[in-house]
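Each chain is listed here by its residues.
Protein chains: 2
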Amino acid sequence: MIRMNPAKHVDSHMNELVSDLQTLIRQPSVSAKNEGIEECATLVQKILKKAGVKSEILRLKKGVAPIVYGEIKSKQNPAKTLMFYNHYDVQPAEPFDLWDDPPFSGNRKGNKIFGRGATDDKGELITRIKAVEACLKTTGDVPCNVKFVIEGEEETGSEHIEDYLKKYQKKFSCDGVIWEFGYVDAKNRPIVGLGMKGLLFVELSAKESIIDAHSSLAALIKNPAWRLIEAVKTLRDSDGKILIKDWYKEVTPFSKNDLEIIRKEPFDENDFKKEFGIKSFVGNKKGLEAKKALIGGATCNIAGFVSGYTGDGAKTVLPGSALVKIDFRLVPKMDPKKQISRLKRHLKSKGFSDVGIKVYHGEAAARTDSSNPFVTQVKDAADKSFGSSILNVSNAGTGPMYPFVEILKAPCISIGSTYMFAKIHSPNEFARVDLLKKTTKCMCLIMENFGKN
Amino acid sequence: MIRMNPAKHVDSHMNELVSDLQTLIRQPSVSAKNEGIEECATLVQKILKKAGVKSEILRLKKGVAPIVYGEIKSKQNPAKTLMFYNHYDVQPAEPFDLWDDPPFSGNRKGNKIFGRGATDDKGELITRIKAVEACLKTTGDVPCNVKFVIEGEEETGSEHIEDYLKKYQKKFSCDGVIWEFGYVDAKNRPIVGLGMKGLLFVELSAKESIIDAHSSLAALIKNPAWRLIEAVKTLRDSDGKILIKDWYKEVTPFSKNDLEIIRKEPFDENDFKKEFGIKSFVGNKKGLEAKKALIGGATCNIAGFVSGYTGDGAKTVLPGSALVKIDFRLVPKMDPKKQISRLKRHLKSKGFSDVGIKVYHGEAAARTDSSNPFVTQVKDAADKSFGSSILNVSNAGTGPMYPFVEILKAPCISIGSTYMFAKIHSPNEFARVDLLKKTTKCMCLIMENFGKN
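Residue numbers (the working numbering), protein chains in the order written: chain C, 998 to 1450; chain S, 998 to 1450.
The shape of chain C in the complex, shown without the other chains (with noise of 0.2 Å):
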């Protein structure tokens, strides 16, 4: 059989890559909003096809987003099989005004091409399929099976991913996941991540009058933003330290092996803090323990609060109802639904039952073994594609990565094309040209050394 080099493909078709994934971003697919989904999966599998791999679309229920699936047998090597585990749909783009460029506008500016989803999945997404197709073209094989699992309520949190994957645990059965992303730090080191962190997103609200009523009556009548600052306050102290009785309970420490590759992993705190302008960390972490934060750290994060009159100038009024966004990320060991029980029993223990609480979802952290072979396989392919790679206990994100593990008894790694600094969910997200080909080369030495052993 002749080996004609994958690698070399890949340098040599990086416009078409750039193309394909200008075409995804400019097909706006929030899951928050139910906006371009069953499009975007359509495209998806237009580019598929021309990969030369086979796709289906899988539907669970009416109003559900569905997966594309792919899949591709390998001759020479049908008794492995990697999955790429990825997502179609992206975060709002609100706001919209902070972006330079129209939020989907797909637009390539020298090494950076813009937009929603650019890196965040699309990006991501783009890099396996070429490195399928570079190996098919240049080889007509595939060094192991391949399976693509694409979903689209990533960013809504991936509500029904469990229930795909036990409706299709015989379909999805894999020896290995490659996770929706990886990420590529400051110095354009790929991490090669074992886990994730869980989430637990809930929307408290404080309701009292019927009416938006006038401020003068602020004497007596009761105001829900004060309402709600009070109730959320007993949540966390200023450090970031979680007030809910048992919430760390299950925790476990970090193993010692973790803490070695903890010690190793490079972490420049003035790059991070140059990039977001920032002065000092959350509880004026350092060194180690701001690094073991991020890594195993679990947060209590106000992703958005509402109240009242919030346009320009001065508005007297008394507001009816005052709402909060809250995203806690759970680490190994918490069980969101435990963690939901304890934050209702909080909040009714300190006087709070009249605060509604609306669960948004809750996801359990995963983390996969550092001793499993798969580790070396990804690690290798990183090193000869990127020159050097880093070792990452757990992300600091959250993924559906435990029903996976739970699910398909599957080792899941993350390794990928997103530069830290992408601004991924927030205004003026871009994809590095540069790392897309270094990623997708790397794929392609995932399959081969993942094959080969």
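None of these hints come from the bench; they were simulated from the model.
All values derive from a computational prediction rather than experimental measurement.
All residues carry an ideal CB built from backbone N, CA and C; glycine is no exception.
Among the clues, some could well be false.
What the hints assert, rightly or not - Far from chain S, some chain C residues (derived; all Cβ distances over 10 Å):
{"no.": "1", "residue": "G1107"}
{"no.": "2", "residue": "S1213"}
{"no.": "3", "residue": "P1333"}
Stated by the list, open to error - With a cut-off of at most 20 Å between alpha-carbon atoms, the simulated SDA-like pairs for lysine to any residue come out as follows:
{"no.": "4", "chain 1": "S", "residue 1": "K1238", "chain 2": "S", "residue 2": "S1338"}
{"no.": "5", "chain 1": "S", "residue 1": "K1238", "chain 2": "C", "residue 2": "E1227"}
{"no.": "6", "chain 1": "S", "residue 1": "K1282", "chain 2": "C", "residue 2": "K1345"}
{"no.": "7", "chain 1": "S", "residue 1": "K1355", "chain 2": "C", "residue 2": "T1307"}
{"no.": "8", "chain 1": "S", "residue 1": "K1204", "chain 2": "C", "residue 2": "S1016"}
{"no.": "9", "chain 1": "S", "residue 1": "K1030", "chain 2": "C", "residue 2": "G1310"}
{"no.": "10", "chain 1": "C", "residue 1": "K1345", "chain 2": "S", "residue 2": "K1276"}
{"no.": "11", "chain 1": "S", "residue 1": "K1276", "chain 2": "C", "residue 2": "G1274"}
{"no.": "12", "chain 1": "S", "residue 1": "K1230", "chain 2": "C", "residue 2": "G1274"}
We have chain C; now place chain S onto it with these hints.
Relative to chain C, chain S alone:
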């Protein structure tokens, strides 16, 4: 001289009053947005002219809303001058979607006329113009000199009224002022109001990351919404007591006479609670304590709070900034400038030097002595036109009464047609036609009483 009856003229010309009010409502004049201000001033002049009152536009400087000034001399009694103080600007109409009809419709449904400004203050203004018109049309004279001072910045805090009063001190000289509004309670009894609270409107802001960040970074990047919640929480206890050092320092207790008036003043707690759909008052106040709070209590109200993602669904974002709008109601002897310094000192001393403070405006409280003969003249007119009336030491709301009392040295009394539950400053604001009629007749009697004494 033939004395015809102005009251009868009012009765038979209500359609004109309603129609002129609708015309006024249909001209939006939102001072907070500088929307329709000049147009509305011109419209007010037209309506004054139709009533037989000469008017002129007074200006201070560019960018300041003009005052519409109207004047008519009395032939029978040129020695005494009554001023009607009103405003032609209105509050912003947001949130638009909570209005049953468009906010500036002026639609009449039975006894009600709907629209922003229907009561506050276009409804009040029209009664005074039409009262003067009724006198002129029936007697060819007014019982005393009348001056109209109609400003365009009341809803943003009458920032320039003091400068206007100083500049036009001579032109505006008078012996008594009828304030821009007057409340009518749930049992249709008008309130003869002798005072107004002051107001301090500020905006506090916190900033951290220069960009909205992914909320997974909340383990390290500080959240400005948290920061602001912590800062704001130090301002007030849950019973409404303001915790800023020396905030109440200059406040004197009610006099024996004031307390007597307060005791006599009816206040139906249940009606009030029912109207707003609430179960209890701030600090669980009841009876006399509730009345004292409304009449003389200082408040710290959150008029608006905004940070991060406030749309539908979940967005895992770490906001870069947070903003809270707060209005403090001030009581007599509180100096707004002093209170601003105290607020600044408080934030600094509590460790919140990083929290930004923008002062929108400050205004002192004012009260007219209940022994002034003007009080009896107004109360008698109100008793006659409404059947009975109620004396009130101070309104819970704010107006620029302080500079009138200080500069013009004239007693100020509020009396008018503002039904207590007319939803002023809220969606579906309305004016009651029956009250507009009674108030117009009351204004005729006030001029008569004032001229005679």
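Going through the hints against the structure:
1. With a least beta-carbon separation of about 20 Å from chain S, C/G1107 lies farther than 10 Å from that chain, consistent with its non-interface assignment.
2. In this structure C/S1213 is not separated from chain S by more than 10 Å, as the shortest Cβ-Cβ distance comes to only about 4 Å.
3. Annotated as non-interface, C/P1333 keeps its C-beta farther than 10 Å from every C-beta of chain S; the closest such distance is 14 Å.
4. For the suggested pair S/K1238 and S/S1338, the alpha carbons sit about 18 Å apart, so the restraint of at most 20 Å is met.
5. Under the criterion of a C-alpha separation no larger than 20 Å, the hint pairing S/K1238 with C/E1227 is consistent with the structure, at around 14 Å.
6. At roughly 23 Å between alpha-carbon atoms, S/K1282 and C/K1345 are farther apart than 20 Å, so this suggested pair is violated.
7. Between S/K1355 and C/T1307, the direct Cα distance comes to roughly 14 Å. Compliance with the 20 Å bound is thereby established for this hinted pair.
8. Proposed proximity of S/K1204 and C/S1016 is contradicted: the alpha carbons are some 38 Å apart, above 20 Å.
9. Using a Cα cut-off of 20 Å, the hinted pair S/K1030 and C/G1310 holds, with the two alpha carbons roughly 8 Å apart.
10. This hinted pair checks out: C/K1345 and S/K1276 have alpha carbons roughly 19 Å apart, not beyond 20 Å.
11. As the CA atoms of S/K1276 and C/G1274 are separated by approximately 46 Å, the hinted pair breaks the 20 Å bound.
12. This hinted pair does not check out: S/K1230 and C/G1274 have alpha carbons roughly 26 Å apart, beyond 20 Å.
Of the numbered hints listed earlier, those contradicted by the structure are 2, 6, 8, 11 and 12.
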